[in-house]
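**Student:** Please put together the full structure from these sequences, using the hints given.
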Amino acid sequence: MYELHRTTNVRASGLGKRYGDLWALRDLDLEAESGSVLGLLGHNGAGKTTTIRLLTTLAVPTTGTAQVAGHDVVAEPGKVRSQIGVASQAATVDGLMSGRSNLEMVGRLYHLPPEMARERADELLVRLGLEHAGDNLVKTYSGGMRRRLDLAAAIVASPPVLFLDEPTTGLDPAARRDLWELMRELVGNGATLVLTTQYLEEADALADHVIVLDHGQVAAAGSPPELKRRIGGERLDVVVTDGGDVIRAREALVRFADGPIDVEAGAGRLTMPLVEGVALMEVMRALDAVGVDAHDLSRREATLDDVFLTLTEQPRQEVAA
Amino acid sequence: MSTDSLRLDPGTTRRVRWLFADSTVIARRSLAHIRQVPEKLIDVTVQPLMFVLLFAFVFGGVIAVPGGSYHEYLIGGILVQTIAFGMMGPASSMATDMLEGIVDRFRTLPMSRSAFLVGHIFAELAGMLLAITILSLSGLAVGWTISSSFGDAVAGYALLVVFAFTMIWIGTLLGVLVRSPDAVMGVGFIVVFPLTFVASTFVPIDGLPDGLRQLAEWNPISALAAATRTLFGNPTAIPADAAWPLQHPVLASVLWCAVLLAIVIPVTIRAFRRRTTG
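Protein sequences, first through last, are from chains H and V. All residue numbers for the first sequence refer to our numbering, where the first residue is 1 and numbers rise by one. All residue numbers for the second sequence refer to our numbering, where the first residue is 1 and numbers rise by one.
Source of the hints: derived by calculation from the structure; they are not laboratory data. Predicted model only: the values in this text are computed from it and were never measured. There may be inaccurate statements among the hints.
To be verified - Selected chain H positions facing chain V (in silico; Cβ < 10 Å):
| id | residue |
| --- | --- |
| 1 | Arg-53 |
| 2 | Thr-56 |
| 3 | Glu-104 |
| 4 | Tyr-110 |
| 5 | Ala-154 |
| 6 | Ser-158 |
| 7 | Arg-248 |
To be verified - Listing some non-contacts, in silico: residues in chain H with all C-beta distances to chain V over 12 Å:
| id | residue |
| --- | --- |
| 8 | Gly-64 |
| 9 | Pro-77 |
| 10 | Ala-87 |
| 11 | Ala-257 |
| 12 | Leu-287 |
| 13 | Asp-288 |
Here a beta-carbon is modelled for each residue, glycine too, at the ideal position from N, C-alpha and C.
**Tutor:** Quick look at the structure:
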């Protein structure tokens, strides 16, 4: 009966930002609709945080345009701000106030009525497992607690669009899974989530669409399965017993490789996309023929890690002579 | 006349209401900081009290003031000196905020754009009012009196508040410009210390050597101290041949504050925007 109504909540085209002579971000196009997660994946300095700053009105783009919740970020920053929640990398909470006061303050500045700001603060402290620390000063919080409080501040007013800049960096695995759960819940309720991460696993687990950034430029974009498919279906990992064997192993493996071979000389590990239809037995025989003893040999589906490595890095240099 | 022309447009009314509400939230944050770090108040409470006692009892016996007692002369100077030093508080709290990125949080919120600066200024003004109160009371305790009319006394306090407002803006600008809160102390002392001492703050200027005396006569701190003394009916010890600002200390003080504010407010707002956008 009802049509699922999806609206594009975040849109950018040709977005770029230059600081002095350096382009922190160049020519980025993106779109995210309500109830979906857009993942921005990249190393430090790839342009993820710059993108978030531009979309959240903290910085003005050098080129291009962006609309958030239907409003242009440059022309109508005030309207954009009333629709967004932001959790940044440097948890921007006040160390000299309690967690509860922080949330109430942010709620008030979203113009929630005082009682509602108080209720939301209580509710979110519980939801994020901070109820026992709610009245302690934030400067006594651990890094993980600060991040959770920062996230709570971002969702105090239940804004329709959320920008989370590396929300789980520095969290232990259990806390990370909790946050994933919370993010899924928010998106399930219709929020649009733009998420930056250095964890491929996280983008894989949460994002509907991923943009891989490298040195301020888009290296690839697509859904996680699409990206994996594009980069090659299967991977082969080979670990040789004697580190000195990697050169010979590499030569023997070239004909099975469907792309560059990544060599970690120290660990004696070689990773490569595998030509379709190759049997492991063939690989073993080829290694055997050149007298290389493989300690471990495994084929697997490509992970986002491989995608990332292939897209953003030259394959590691073939062993120093 | 139609009443329509008097009615504010609803957008403006709403903006003003939010500016007020949001500034209050920000000011309460600053006051919460003081509860956590009461040492922040030392420079507007204990320090001026110490100055009153030191100067009144250590120098009081050796400095002669024509037309009255040194204790009566002193308080006007210490009020002005305390307010001048009071710029360090806003400077360091602003520098700390700039460093910690909390401003980024505020800038992503739909709060009134000016509320952060306005709230900060008002909280600092509350601190200054506390200092003025403590100084007045301790002054009364060591023999200072207000011997002017009620209207002049009110004008005296109003002038001090305007001066406090000016110094808070100057401190805020300093806080926005320095790279770290530690730098505030250095800059503050290098500028404010000589400024408040090469003046009629603690000693009548006719005892100063040539050169220094001219500096002191044109120093805004001297004008403010003289204006405060004039409005409170205390001895001013202004030489008959003093420069124009000391001949008309109240007018000169008002002009100084107006000129400084006219420069510092827009510069601060621009510096704040530049530092927080990008």
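**Student:** State for each hint whether it applies.
**Tutor:** Do the hints match the structure? See the list:
no.: 1; hint: Arg-53; verdict: holds (8 Å)
no.: 2; hint: Thr-56; verdict: holds (5 Å)
no.: 3; hint: Glu-104; verdict: holds (9 Å)
no.: 4; hint: Tyr-110; verdict: holds (6 Å)
no.: 5; hint: Ala-154; verdict: holds (9 Å)
no.: 6; hint: Ser-158; verdict: violated (13 Å)
no.: 7; hint: Arg-248; verdict: violated (52 Å)
no.: 8; hint: Gly-64; verdict: holds (17 Å)
no.: 9; hint: Pro-77; verdict: violated (9 Å)
no.: 10; hint: Ala-87; verdict: violated (9 Å)
no.: 11; hint: Ala-257; verdict: holds (44 Å)
no.: 12; hint: Leu-287; verdict: holds (53 Å)
no.: 13; hint: Asp-288; verdict: holds (58 Å)
Comparing the model with each numbered hint stated earlier shows that hints 6, 7, 9 and 10 do not hold.
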